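With the numbering used here as the guide, the letters of the sequence shown map in order to residues 174 to 578.
Rather than coming from a laboratory, the hints here were simulated on the basis of the structure. The model shown is predicted, which means the values in this text are computed figures rather than measured ones. We put the beta carbon where it would ideally sit given N, CA and C, even for glycine. Watch out, some of these pointers could steer you wrong.
[Claimed, not checked] Okay, the calculated beta carbon distance ranges per label pair:
{"id": "1", "residue 1": "Asp-353", "residue 2": "Asp-568", "range": "46 to 56 Å"}
{"id": "2", "residue 1": "Phe-436", "residue 2": "Tyr-569", "range": "45 to 55 Å"}
{"id": "3", "residue 1": "Arg-441", "residue 2": "Asp-305", "range": "38 to 48 Å"}
{"id": "4", "residue 1": "Val-463", "residue 2": "Glu-341", "range": "47 to 57 Å"}
{"id": "5", "residue 1": "Ala-519", "residue 2": "Pro-476", "range": "16 to 26 Å"}
{"id": "6", "residue 1": "Thr-439", "residue 2": "Ala-217", "range": "25 to 35 Å"}
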Amino acid sequence: MRVLLVGAGGVGGAITRIAARRPFFEAMVVADYAPDRAEAAVAALGGDARFTAEQVDAGDEAAVARLLAWHRCDVLLNATDPRFVMPLFRAARAAGATYLDMAMSLSRPHTERPYEECGVKLGDEQFAQAADWEKEGLLAVVGMGVEPGLSDVFARYAADELFDEIEEIGIRDGANLTVDGYDFAPSFSIWTTIEECLNPPVVYESGKGWFTTEPFSEPEVFDFPEGIGPVECVNVEHEEVLLVPRWVDARRVTFKYGLGREFVETLRTLHLLGLDRTTPVTVPGPDGPVAVSPRDVVAACLPDPATLGERMHGKTCAGTWVRGVKDGESREVYLYHVVDNQWSMAEYGSQAVVWQTAINPVVALELLATGAWSGAGVLGPEAFPARPFLDLLTDYGSPWGMREQ
174 MRVLLVGAGG VGGAITRIAA RRPFFEAMVV ADYAPDRAEA AVAALGGDAR FTAEQVDAGD
234 EAAVARLLAW HRCDVLLNAT DPRFVMPLFR AARAAGATYL DMAMSLSRPH TERPYEECGV
294 KLGDEQFAQA ADWEKEGLLA VVGMGVEPGL SDVFARYAAD ELFDEIEEIG IRDGANLTVD
354 GYDFAPSFSI WTTIEECLNP PVVYESGKGW FTTEPFSEPE VFDFPEGIGP VECVNVEHEE
414 VLLVPRWVDA RRVTFKYGLG REFVETLRTL HLLGLDRTTP VTVPGPDGPV AVSPRDVVAA
474 CLPDPATLGE RMHGKTCAGT WVRGVKDGES REVYLYHVVD NQWSMAEYGS QAVVWQTAIN
534 PVVALELLAT GAWSGAGVLG PEAFPARPFL DLLTDYGSPW GMREQ
């Protein structure tokens, strides 16, 4: 397997550190718009000859396709933000390469009823091309991070091995992470966080299909394992709600994020001031007017999440809560994966949230390389058998857990 990794930021850098310990691939080309960032990611690996650095604009489909061909890469792994999903998705298909990402194509709210009806849903642009990918014998694995990704694998595992009927699948994400020296320092990309938290959340119900609600709706307190404890969680737009019902039979699917009230109020203030917008506004500059995206300004004013590991303390938990029936009896479980920031920093030099995101596409790559996972079309993690993934995740030294509720 020869892999083109596009994006050498926090998650991309963690992917290289994790992959460097595994023998399943022949080469990994690390490409980024900023060549120094790609070179730094490769240099950190201590001379592993399988890794090389390149410069590429993720929005330039032709350039990405040429890079895939030049290095004879058969897989494109997308570690950029969601704005670049479609150009990279199309570039992989043009080059005849397998494609993996950790977030799907962007949504657009319904123009008239944004908090009742879906407009363009997450992943719609990719699934619209599914028949073409399948016809050409090509595979795109979409939403293969931690959430979405591992959370979807948990849903498939629950359906296959733990339940006869599933009433509800609810992704529940929470943490007790703190960052020294900052009153507000998101542990993941603020650009992506704004996108998913301020868009109308999507809920799925059988018989009704997908529908939307108000941002931060239906608050609940969820008790997270391994010392994290109770965290208030709210509805947030996320890919799992769009992926799980395509392959897993459940009467209801939700995603709730443990953001905390202070974080929610900060996001609401950004929205109130228009600082969540991506459409450029014109501001004065030293050489004349300059067009800038307000959301890009917010991101530039905050610390890079990948650099916060030394200041960060605590644990992060990603998991899937499932309620249903097994052998005629009611059952409720929480399948989860916890990463302690102190451990991930000591072991890999990566902060917990980006490391937890990064390990899952590497596991998926290895399953594709060995043939344990295979297929054609545009497929979510639920489309593949779950047990090989969970066993290999444990083999990587990062076990998962299950709690009977």
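Against the earlier hints, flag every one the structure doesn't satisfy and list their numbers going up. 1 and 2
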